[in-house]
Structures are given as structure tokens and as C-alpha cells.
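Knowing the structure of chain A, use the given hints to seat chain B on it.
2 protein chains.
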Amino acid sequence: MGLRQISIIGVGLLGGSLGLAVKRRQLAGAVVGIGHRESTLRTASARGAIDRFTLDVAEGVRGADLVVLATPVGLFGPLLEQAAPALAEGCLVTDVGSTKRAVLEAVLPRIPKGCNFVGAHPLAGSEARGIDAARADLYDEALVFVVPTERSDEAAVKALERFWRDVGARVRRIDAETHDRLLAESSHLPHLVAAALMNALSVDAEQAIGRGFLDTTRVASGDPAMWRDILLTNRDQVLRALAQLEAGLGAAKSALEKAQAEAIGEFLEQAKSRRDRLRGA
Amino acid sequence: MGLRQISIIGVGLLGGSLGLAVKRRQLAGAVVGIGHRESTLRTASARGAIDRFTLDVAEGVRGADLVVLATPVGLFGPLLEQAAPALAEGCLVTDVGSTKRAVLEAVLPRIPKGCNFVGAHPLAGSEARGIDAARADLYDEALVFVVPTERSDEAAVKALERFWRDVGARVRRIDAETHDRLLAESSHLPHLVAAALMNALSVDAEQAIGRGFLDTTRVASGDPAMWRDILLTNRDQVLRALAQLEAGLGAAKSALEKAQAEAIGEFLEQAKSRRDRLRGA
Numbered sequence: 001m002g003l004r005q006i007s008i009i010g011v012g013l014l015g016g017s018l019g020l021a022v023k024r025r026q027l028a029g030a031v032v033g034i035g036h037r038e039s040t041l042r043t044a045s046a047r048g049a050i051d052r053f054t055l056d057v058a059e060g061v062r063g064a065d066l067v068v069l070a071t072p073v074g075l076f077g078p079l080l081e082q083a084a085p086a087l088a089e090g091c092l093v094t095d096v097g098s099t100k101r102a103v104l105e106a107v108l109p110r111i112p113k114g115c116n117f118v119g120a121h122p123l124a125g126s127e128a129r130g131i132d133a134a135r136a137d138l139y140d141e142a143l144v145f146v147v148p149t150e151r152s153d154e155a156a157v158k159a160l161e162r163f164w165r166d167v168g169a170r171v172r173r174i175d176a177e178t179h180d181r182l183l184a185e186s187s188h189l190p191h192l193v194a195a196a197l198m199n200a201l202s203v204d205a206e207q208a209i210g211r212g213f214l215d216t217t218r219v220a221s222g223d224p225a226m227w228r229d230i231l232l233t234n235r236d237q238v239l240r241a242l243a244q245l246e247a248g249l250g251a252a253k254s255a256l257e258k259a260q261a262e263a264i265g266e267f268l269e270q271a272k273s274r275r276d277r278l279r280g281a
Numbered sequence: 282m283g284l285r286q287i288s289i290i291g292v293g294l295l296g297g298s299l300g301l302a303v304k305r306r307q308l309a310g311a312v313v314g315i316g317h318r319e320s321t322l323r324t325a326s327a328r329g330a331i332d333r334f335t336l337d338v339a340e341g342v343r344g345a346d347l348v349v350l351a352t353p354v355g356l357f358g359p360l361l362e363q364a365a366p367a368l369a370e371g372c373l374v375t376d377v378g379s380t381k382r383a384v385l386e387a388v389l390p391r392i393p394k395g396c397n398f399v400g401a402h403p404l405a406g407s408e409a410r411g412i413d414a415a416r417a418d419l420y421d422e423a424l425v426f427v428v429p430t431e432r433s434d435e436a437a438v439k440a441l442e443r444f445w446r447d448v449g450a451r452v453r454r455i456d457a458e459t460h461d462r463l464l465a466e467s468s469h470l471p472h473l474v475a476a477a478l479m480n481a482l483s484v485d486a487e488q489a490i491g492r493g494f495l496d497t498t499r500v501a502s503g504d505p506a507m508w509r510d511i512l513l514t515n516r517d518q519v520l521r522a523l524a525q526l527e528a529g530l531g532a533a534k535s536a537l538e539k540a541q542a543e544a545i546g547e548f549l550e551q552a553k554s555r556r557d558r559l560r561g562a
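Chains as they are written, first to last, in my numbering: chain A, 1 to 281; chain B, 282 to 562.
Source of the hints: derived by calculation from the structure; they are not laboratory data.
Computed from a predicted model, the values in this text were never measured in an experiment.
Treat the hints with caution; some may be incorrect.
Claimed, not checked - Listed below are the simulated DSSO-like cross-link pairs for lysine-lysine, each with C-alpha atoms no more than 30 angstroms apart in a straight line:
#1 A:K253 with B:K534
#2 B:K553 with A:K272
#3 B:K553 with A:K253
#4 B:K534 with B:K553
#5 A:K258 with A:K272
Chain A extracted, bound-state conformation:
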């Protein structure tokens, strides 16, 4: 890609790991970190994730070929307001947010003429967060959804795909609507359900948890503010996925009420057979 400068707004787990990967693979002349907490930026710099940093968004994006939004999704609009006047002609803006329709809505109107926006979503987060959890190999073999818009220049989409491949990830192109539908089922609903399972546990049942419960509820340790934004910006699809789940749970409930061993067995067989197939995924 021959990037002169990449500017990363937000150097937490995702932004920091991207900086580390870019530096390790020497994909850009300079990596600039932008944030609102100097201590985080200092740590990112000390860890070698960025070459320099600033608290000033406009200053930070100036001269960048690639600007990556890696803060919580809810901040993208205001941040771009600040960044827009300083974006270089031909600059490619992208993000790493977990929902896509709301991102496009917030971001697209603020992209200046002569610049491009192409969304992205690497499936590489975890319940860990912050620059301390950042790793140079976070994106190795990870799947990154690349999300063009109707206004996206094909060359810009291809450039972003190449960038993520250079970082070590696998890339799949998808539209925002489909992305949000799939992720509601594979990530957003499971998070909501894990949180509900955790909240429904009686205090005295905490003594009876094993590895199974810890696995099933692990994601509930994720950042509540980030997940609140994800659930709210994708709520129609999350509600649709929840309705699907409720239908399945309702059928299982009815089978249990009637002690229908065969139906319960089939329900569990189906789940096991699908889960086993995913194992290597």
C-alpha cells in the first residue's frame, strides 16, 4: 500500500493492536496515535504501537493516507467533525466498529469531498480492553468484514482490503445491512443472553458454578458502555434475533413441561452437531 502515515483515533485494544501490527510489519512510514487521555497515548508509545501522539484530532489526522476510527462507535460523529477540515485529499477513512449501519449514518455525511470512507469490522475483540491488552498478533488470521458504501470508490475498497491482508487478517466484503443482521445473531444476542444468565443467577448458586458457566458467561465481562452502544445501534436486528431465540427456547420449555424426552434429545442433538462443526472456526 505504501502508506506514508496512518492515524489511529483511539489506541485501546483494537487501535493499539493495529498500531503494533502495522509497526511490526512496517506498513506505514509513521503511525500517529490520537486520544483524549495522555497516559494511554504514552503507554501506546512506550509499547511501540505508535510513533507519536496528540490530543488534537485535526493535528493528528493531518497528512494521513489512512485514518482509523477505533473509539466507541458513539464518538465517531463528533470526532469526524473535528477531523474533517484537516483530512488530506485522497485520504481513506475507516473504522473498527461492531455495528455498521449506524456508523455509516454518523460518518458518511461528514466525509469531505475528495476523501473516501470504507467501513471495517475485525472479529478480534474480547472481554479484555485497553492498551495493556493490545497485541501485535491480535489480527493474525482474524476475519475482517470490509463494508463499502454506495459512495465508496472501488479503488479505496480494494486498498482497505489489501491493508487488512497486509496486517495478517482474512477479509470478507459485506454490505452494512447483512453485516448487522449476521452480527446480531453471532455476537450481539449472545452477549445480551450471557448478561441475562449472569443476572439471573441467585447469589447462593454462585457456589455451584463450574467451567461451563464461566465459559457461557465470559463475554458478559465486556465493556458495558461499548456493548450498550452496540445493542442500541443495532437494536432492530438484535430484537429480531431475540425473537428467534425465544421461539426456540419456548419449544424447549414446552417439551420440558411435557417431559418429552425425544424432543429434548433432538434439540440437544441438533445443537451439538452444529456446535461440533464450528469447532475449528
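Frame of chain A, contents of chain B only:
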């Protein structure tokens, strides 16, 4: 405890691991394996989990101080029918089943006079199963619920507690009713929900799963026949726990429908704070 002979009926993950631990810690003069598949018993023998084996239940329990039921719960009744005439005076019978009220119902009427039954449930299973997954350290630091009945001799209860401590586990005494209520919340309902999440996933959403989905649904790979029995033998408590979960999910759903950011945030905060506290558990 000075055991002359321990007979383990069913040498899969739990029974096989118990044999390995007993042998490693030299807790019994002889470990006898009983099963219905000679190949499994041969493997258990080759792995050093048992000293000898037989397909004949009565023959296998003869002379044992301790008999451990480690098959699926649904087989306990018929197996004890076969074992009862051969049980030695003073023999202690126990189990490693995941539900307790149904076990007592099936087992207690079949325990001959002069013998004792005390239930047990080690929280040490996993989605793995079979003798190949057995490990000598499966029970190290694991929690084992010891479940006396009204007819249990206190000396027998103490002996079983000592046995599990000698195996390396932590022991907690609990009644069958409480056990089944706690496990419904901490294990049986999470299993049902993980299976429902797996079944509700559209096929095209499989491309969008990440580590979170894999964690949340891991238990759904467990043995369907075993889990069907667990859910059915504890269905009143599982249904009660499910109703609690539905109430929580319903509240979250309503908050999502109304886009109530604060309520969603609190729901997620509560789950995170409880989940983080469990981390070391």
C-alpha cells in the same frame, strides 16, 4: 480410608479420571472397572485407571468397600438391581450424577440393608467425554457436593467426604433439593440456553462467529443423552430458573424496544460486575 476395593461402574471421563486419581494416590488396594463395552474397559486398563474389569455388574461389585455409579443417571436403577445381591455388608454406594433428587429416588429403594448410599456430584465435567478424555488431575481442587439422605449413616457421609478430599477435591455437604435448585441455575439452564443460541444461529451467520460465540456455546457440545437426562430429571427446577431468565430477558427486550440507554447500561453493568467477581472461581 483404607479401602480394599473400589468398584467403578462406568469408566468414561468421570469414572476413568476417578480411577486414575485413586491409583496415583494409592487410595485403594484394587480398582475394578465395570462397563458394557469391553473396548472402553481395555482402554481404561491400559491407561492404568483400573486394575481389572468385568462386564458383569454383580461380579464387579463383589468385595468392594466403595461402589461408584459413574454412568448416565438413567441407568442407576437397573444397574443397582444387578449389583444389590452382591454388595458386601457395610459397603458404601455413591455416584457422580449431575442431579440428585431423581438419583435418590432411583437408588435408595434398591440399597440393601447393611449398606449405605451417599450421593455426590463433582463439578468437574466438560464437553469432552469418554475414557480418552480422563485425567488423573480432573478432580484436583474441584468442588464435590456430598449429598446425604435421611437414611445416610453419618459415618458413611464422613467417609465419603474424606475419600473425595483424599482424591484432591474440595467438599461441600448439601441436601438434594438445594443441590438441584442451585445446579439448575448454574449449569442446567446455561446448557439449555447455549443449545438454543446454537440452534437459533442462521447458517449464513456462522461466517460471523468469533471467540465470544464459541465460548458462549461451548457446553452445547456436551453429550446430548446425558444432558437430556439431566434436564428431564430436574425439569421443575430448570423451568423455574428459565422463568427467572425470561423475566430478565424480557426487561432487557423492553428497554431495547424503547431505546432506554440507561436501563441497558445498568443491565450490562450489573452482569459485568457479577461476572468479574466470579473470575477466580
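Hint numbers contradicted by this structure: none
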